[in-house]
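Q: Listed here are the chains, written in short residue letters.
2 protein chains.
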Amino acid sequence: MSETNELRLIPIAGLPEVRPGDDIAALLAHTGLLVDGDVVVVTQKIVSKAEGRLVELDHDDRVARTRLVESESALILRRRGDLVISQTHSGFVCANAGVDLSNVESGWAALLPVDPDRSARRIRDALLHRDGIDVGVVISDTFGRPWRKGLVDVAIGCAGVAGVLDLRGTADSLGRELAVTEVAIADEIAAAAELVMGKASGIPAAIVRGVPTDWLRPGSVRDELIRDPHDDLFR
Amino acid sequence: MSETNELRLIPIAGLPEVRPGDDIAALLAHTGLLVDGDVVVVTQKIVSKAEGRLVELDHDDRVARTRLVESESALILRRRGDLVISQTHSGFVCANAGVDLSNVESGWAALLPVDPDRSARRIRDALLHRDGIDVGVVISDTFGRPWRKGLVDVAIGCAGVAGVLDLRGTADSLGRELAVTEVAIADEIAAAAELVMGKASGIPAAIVRGVPTDWLRPGSVRDELIRDPHDDLFR
Chain P
6 MSETNELRLI PIAGLPEVRP GDDIAALLAH TGLLVDGDVV VVTQKIVSKA
56 EGRLVELDHD DRVARTRLVE SESALILRRR GDLVISQTHS GFVCANAGVD
106 LSNVESGWAA LLPVDPDRSA RRIRDALLHR DGIDVGVVIS DTFGRPWRKG
156 LVDVAIGCAG VAGVLDLRGT ADSLGRELAV TEVAIADEIA AAAELVMGKA
206 SGIPAAIVRG VPTDWLRPGS VRDELIRDPH DDLFR
Chain A
6 MSETNELRLI PIAGLPEVRP GDDIAALLAH TGLLVDGDVV VVTQKIVSKA
56 EGRLVELDHD DRVARTRLVE SESALILRRR GDLVISQTHS GFVCANAGVD
106 LSNVESGWAA LLPVDPDRSA RRIRDALLHR DGIDVGVVIS DTFGRPWRKG
156 LVDVAIGCAG VAGVLDLRGT ADSLGRELAV TEVAIADEIA AAAELVMGKA
206 SGIPAAIVRG VPTDWLRPGS VRDELIRDPH DDLFR
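These protein sequences, in sequence, are chains P and A. First residue of the first sequence: 6, per the working numbering; consecutive thereafter. First residue of the second sequence: 6, per the working numbering; consecutive thereafter.
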């Protein structure tokens with residue numbers, strides 16, 4: 006059973022504008038805000054920028070945009086107007102293959118990191134081995150959902166924190182085995198962190214402080230959160 | 006632009022087991038934990054119990070279970086084995102029409118509240134008019150998602166807090182209009198609150214403290230978060 010103490014959601018304001026080659030772990034360490042046991046959530050956008058996942062794109066050129074989205078897609082699921090819902094090469098189903106034009110310099114687009122779990126591990130490992138700070142890392146992105154309006158932040162990569170918390174075999178409060186067994190903890194952490202980032206204010210990272218220690222294990226979005234297409238009823 | 010101060014997620018432990026006819030607002034007020042400006046998240050299960058949304062069901066009778074799920078459904082989208090993905094009469098697309106067997110007495114099932122926005126309004130209004138505490142209320146439930154494994158808590162009803170935060174017309178940090186414009190704030194609040202509830206520990210409510218005041222407006226999940234079927238690419 007997890008502990009259920011209070012959690013704090015702490016925005017990390019004041020990070021500089023991130024450019025290709027920047028060291029996000031160093032920028033985070035430099036804030037002096039992180040402590041052991043924190044989970045730090047970093048938006049895809051600054052990870053993509055730091056990793057140089059930027060391509061030139063005229064934002065008004067719809068044909069070039071569509072071509073870019075298609076090249077980032079392994080499988081197109083739906084199209085409507087300029088909107089494409091597809092499965093990316095790394096397995097995410099999302100709008101426009103994660104190609105992002107907001108908070109990016111005009112004339113450029115940001116692509117998803119090639120392997121967001123690896124991106125998270127790099128940040129975690131650098132913080133741990135260089136700065137001696139032992140934190141979980143979640144890379145978040147903003148996805149739409151079928152059936153529900155509005156967008157929520159989800160985890161696209163994680164390291165040092167569970168993707169899914171498996172409660173199978175745990176009893177409910179009445180002592181019977183739980184039917185609801187797998188909580189997508191990394192997604193809930195990403196959603197929680199978004200509450201203190203604010204899309205408009207450009208805060209690209211936040212801390213979730215106080216998580217139970219049993220959530221802090223290697224973790225992987227790819228292995229724990231991406232559903233096998235053969236096991237999916239809506240693909 | 007929203008403020009981006011720290012938020013606190015506070016579990017509300019020690020609530021008594023809820024029974025039909027119980028007054029959830031009174032139980033919440035009695036904890037002495039709520040203050041003006043809080044958003045209190047209450048799980049569907051205790052709302053359903055308080056509202057008497059319980060029906061007798063032999064948990065091992067698969068035919069009776071399926072019949073109950075069908076009667077709670079307006080439209081069946083998918084079936085696999087005992088799993089039914091359907092649209093409920095109130096418009097939610099979820100597994101088994103929200104019929105819930107965990108944390109319910111053996112021999113019984115909990116159904117979704119008939120109108121969860123109204124349930125949220127009743128709790129909010131009672132706290133406001135009887136106890137003078139002005140809070141937002143979110144009713145949460147645990148839903149699966151296509152394409153991603155694991156479950157997350159989402160909002161099925163809200164009152165006194167926005168369902169969606171509309172940032173259209175807001176500039177991004179580089180001064181251009183945001184492409185990502187509608188944040189499903191009530192869903193992110195529900196997901197955040199789940200982090201301190203814990204499925205196994207039976208904590209059925211939590212406080213999100215410190216939200217920006219511009220999030221605190223009437224709000225409705227039905228009006229803001231349920232996607233019109235005609236506008237949906239996956240139904």
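Hint data in this document are derived by calculation from the structure and do not stem from the laboratory. Errors might be hidden in some of the hints.
A pair counts as met if it fits within one copy or between any two copies, since identical chains are not told apart.
Cut-off 20 Å, straight-line C-alpha distance, at most; resulting in silico cross-link-like pairs (SDA-like, lysine to any residue) [to be verified]:
#1 K154 - W113
#2 K154 - F239
#3 K154 - V68
#4 K154 - D27
#5 K154 - D66
#6 K154 - P223
#7 K154 - I90
#8 K154 - L32
#9 K154 - I138
#10 K154 - R72
#11 K154 - G26
#12 K154 - R67
#13 K154 - H64
#14 K154 - E61
#15 K154 - H134
#16 K154 - D171
#17 K154 - P21
Model, not experiment: these values are computed from the prediction.
Q: Work down the list of hints and note, for each, if the structure agrees.
A: Each hint tested on the structure:
For the homomeric pair K154 and W113, neither the shortest alpha-carbon distance inside one copy (28 Å) nor that between copies (33 Å) is at most 20 Å. In this assembly of identical chains, K154 and F239 lie within 20 Å of each other by CA distance both inside one copy and across copies; the values are 17 Å within and 13 Å between. Taking identical chains as interchangeable, the C-alpha atoms of K154 and V68 are never at most 20 Å apart, the minima being 27 Å within one chain and 34 Å between chains. Taking CA atoms no more than 20 Å apart as the test, K154 paired with D27 passes in neither setting, with 35 Å inside one copy and 32 Å between copies.
Proximity of K154 and D66 under a CA criterion of 20 Å is satisfied in neither setting, with 27 Å inside one chain copy and 36 Å between copies. With identical chains, the CA atoms of K154 and P223 are at most 20 Å apart between copies only, with a shortest distance of 18 Å across copies and 33 Å within one. In this homomeric assembly, K154 and I90 come within 20 Å of each other (Cα to Cα) both inside a single copy, at 15 Å, and across copies, at 18 Å. Taking CA atoms no more than 20 Å apart as the test, K154 paired with L32 passes in neither setting, with 34 Å inside one copy and 32 Å between copies.
Within a single copy, K154 and I138 get their C-alpha atoms no closer than 38 Å, and across copies no closer than 30 Å, so neither meets the 20 Å cut-off. In this assembly of identical chains, the alpha carbons of K154 and R72 never lie at most 20 Å apart, being 26 Å within a copy and 29 Å across copies at closest. Taking identical chains as interchangeable, the C-alpha atoms of K154 and G26 are never at most 20 Å apart, the minima being 36 Å within one chain and 33 Å between chains. With identical chains, the CA atoms of K154 and R67 are never at most 20 Å apart, being 24 Å at best within one copy and 33 Å at best between copies.
In the homo-oligomer, the alpha carbons of K154 and H64 never lie at most 20 Å apart, since the shortest distance is 25 Å inside one protomer and 33 Å across protomers. Taking the closest pair of Cα atoms, K154 and E61 never come within 20 Å of each other, the shortest separation being 30 Å inside a single copy and 34 Å across copies. Taking identical chains as interchangeable, the C-alpha atoms of K154 and H134 are never at most 20 Å apart, the minima being 42 Å within one chain and 32 Å between chains. In this homomeric assembly, K154 and D171 come within 20 Å of each other (Cα to Cα) only across copies, at 11 Å, whereas the closest approach inside a single copy is 28 Å.
When the C-alpha separation of K154 and P21 is checked against a cutoff of 20 Å, the pair qualifies neither within a copy, at 32 Å, nor between copies, at 35 Å.
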